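Please model the entire structure based on the sequences and the hints provided.
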Amino acid sequence: MKTSLLRDRRLLPYALIAPALVILAVFYLYPIGYNAVLSVFSWDLRGPMKFVGFGNFAELFTDPDFGKVIQNTLVYMGMEVSLVMIFGLILALFLNRQGWLSEFLQGVSFAPNVIALVSVSLIFVWLMDDDIGLFNQILSAVGLEPVGWLSDTEVALFSLVLVSVWKSVGLNALIILSALQSIPRYLFEAADLDNASAWTRFRKITIPMISPTLFFLVLVNVIGSFQAFDTINVMTQGGPQSSTNTLIFAVYREGFEYYRVGYAAAIAVVLMVLVGLITVLYFRAFQKRVHYR
Amino acid sequence: MSQIELRNIGKSYGDKEIIPSLDLTIEAGSFSVLVGPSGCGKSTTLRMIAGLEKPTTGTISIGGKTVDNVTPGQRGVAMVFQNYAIYPTMTVEENIEFGLRNNKVPKLERRELVHEIAETVGLTPHLRKNPDALSGGERQRVALARAMVKKPAVFLMDEPLSNLDAKLRQHMRIELIELHERLGATFVYVTHDQVEAMSMGTSIVLMDAGRIQQQSAPTELYAKPQNVFTSRFIGTPPMNVVPIAAFGADVAADAPEGAEWLGVRPERLTFADTSRPVVPGETELTVTIIALENLGAELVYRAVLPDGSRIAIKRFDEIARPLGDALVRVETNDIHWFDANEERIAEPAISGQVREVVSA
Ligand SMILES: Nc1ncnc2c1ncn2[C@@H]1O[C@H](COP(=O)(O)OP(=O)(O)O)[C@@H](O)[C@H]1O
Ligand SMILES: [Mg+2]
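Residue numbers (my numbering), protein chains in the order written: chain A, 1 to 293; chain B, 1 to 360.
Derived from the structure by calculation, the hints contain no laboratory data.
Remember, predicted model here, so these are calculated numbers, not experimental data.
A portion of the hints provided could be inaccurate.
[As the list claims (entries may be wrong)] Below, computed lysine-lysine pairings styled on DSS-like, alpha-carbon distance capped at 27 Å:
no.	chain 1	residue 1	chain 2	residue 2
1	B	K129	B	K107
2	B	K129	A	K288
3	A	K288	B	K107
4	B	K151	B	K54
5	B	K104	B	K151
6	B	K54	B	K16
Right, dumping it as structure tokens:
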């Protein structure tokens with residue numbers, strides 16, 4: 001009965017969060033579960049589903065290209081997260097200074113974030129074109145060899161990282177900036193009186209004080225890097241020679257281009273396990289070193 | 001030990017002038033207290049001595065050396081902040097050790113110094129704790145230890161006790177006085193609390209609106225206030241300052257050349273003992289008591305003079321008087337005279353007349 005449910009002190013909280021739980025179950029838990037189920041079937045979206053047990057996984061792990069896909073995914077993550085964090089921090093430190101230039105740049109930093117990633121990707125395809133692209137024109141103007149931004153297997157993944165970093169570094173910088181600005185000034189004054197050098201101040205006060213923000217941003221960026229799709233789809237289609245093929249793109253390609261739904265689901269399971277594993281390891285390794293106020 | 005000198009120090013924020021021009025000498029080894037109402041520029045002055053704030057004009061020297069271009073960490077000063085400014089991401093031990101580390105003190109020596117100081121201020125059991133696990137009093141000790149461990153020639157303290165409860169504050173006052181005696185360093189102590197200033201300082205610098213109103217020892221500050229502001233700032237309740245005519249024509253006639261105001265401390269007014277005649281050098285006047293505050297040990301009466309001026313009378317009597325008219329006596333010796341600029345007029349010669357003021 002409605003009234004008795006609402007009166008019952010123990011049940012009331014559950015009643016109140018029920019709508020959120022229902023949404024969570026329908027849109028998150030059910031798809032995850034269904035994906036896990038799909039991963040042990042063979043299915044082409046139209047015909048009958050055929051149970052294959054761990055056949056998809058067996059195929060996956062014997063596929064010589066799959067190791068390369070995982071490697072691409074991890075390399076992309078490593079480069080993307082470290083560049084975003086390093087440049088985000090540097091930009092934030094610069095924006096934290098007084099003056100019209102940093103105020104102006106605060107506004108500019110946010111701009112890439114309001115452009116759709118697909119549009120950004122299209123613009124960069126054009127900028128990174130081997131022959132008519134602006135990047136190579138500049139390189140040849142200053143007398144340097146042109147670079148196969150999207151055609152060189154050694155470079156393409158990095159080019160994708162570059163686009164992603166360009167797009168998200170501003171927002172990351174602004175979040176770090178707000179953390180920097182919440183450090184009380186008197187801590188730096190006390191450090192000045194303690195004869196701390198600029199480097200010591202940065203290492204012993206700035207970084208520890210913004211560590212919760214950094215910890216959070218790294219996690220968000222790691223998870224975000226696993227989901228990088230638009231850039232790959234628009235700019236390289238996983239090529240050249242699978243050099244930019246990542247787990248998420250492989251899921252899409254196997255599932256929606258080759259209609260190997262079960263196989264794609266198996267890749268998705270691997271992706272999920274990998275993200276979960278990295279997240280857990282990350283918490284284990286760093287949470288103790290984060291200073292929460 | 002280091003003497004601190006401020007010469008022609010001015011400080012403005014934008015076009016807001018906080019301190020017009022300050023000349024101040026703080027004796028080596030003194031416990032000097034900067035006191036004054038909130039916003040008068042005490043912290044600004046202290047922070048300029050520390051090097052956290054750059055004076056707009058003038059020059060500062062510490063121990064005979066000009067420090068205008070010396071960073072705070074190189075001035076040989078340590079500071080205790082009002083909110084303690086403890087590094088929240090370091091343990092107690094790391095907090096205390098930080099300054100030594102930056103001064104490249106070798107590790108073994110550092111350990112020894114930190115443990116020695118921790119023992120002195122009673123922090124030994126807390127050395128490995130995070131600051132947020134400490135009570136207010138313990139944090140205060142960390143701030144103090146962090147300053148002491150550097151063995152500075154000058155201690156700067158900005159209202160270090162204002163965040164403690166009354167009892168602990170009382171206790172820490174005594175500890176700081178003892179600490180000063182033990183270390184023999186120069187202490188510059190900022191407070192807005194005149195009781196704290198009077199009870200701790202060997203030298204008091206009373207400021208108002210960025211200007212020094214008076215610098216002297218506590219007893220002198222109380223006995224010879226240089227102006228009306230000073231006379232009213234020190235003492236509870238503050239000195240009664242009224243126009244010279246308020247105490248009657250005879251007192252007015254006796255006022256020194258140029259006197260416009262007279263001041264009498266509330267505790268220097270006595271209720272007339274009518275069995276004893278008024279003696280030379282004494283004046284009797286009728287006042288109307290309109291209110292009474294009973295503070296336990298003392299009674300503070302609020303009264304109105306014949307001309308309408310309000311005064312306070314502080315007595316240590318056992319029994320409170322009823323409201324209404326009362327005869328009050330004051331010794332001419334106890335009257336302070338101030339001119340039209342509210343500046344003190346040098347001690348007048350005392351005439352030995354008996355005066356009686358009859359209220360209208
Ligand atoms: N950074 C600042 N910018 C502008 N005004 C300031 C600044 N710091 C202090 N002031 C002003 O200077 C005056 C004196 O401040 P302060 O020295 O802190 O007073 P107090 O005597 O209470 O310690 C105040 O009016 C305060 O508002
Ligand atoms: Mg202050």
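Consistency of the hints with the structure:
no.: 1; hint: B/K129 - B/K107; in the structure: 20 Å, holds
no.: 2; hint: B/K129 - A/K288; in the structure: 15 Å, holds
no.: 3; hint: A/K288 - B/K107; in the structure: 26 Å, holds
no.: 4; hint: B/K151 - B/K54; in the structure: 24 Å, holds
no.: 5; hint: B/K104 - B/K151; in the structure: 14 Å, holds
no.: 6; hint: B/K54 - B/K16; in the structure: 15 Å, holds
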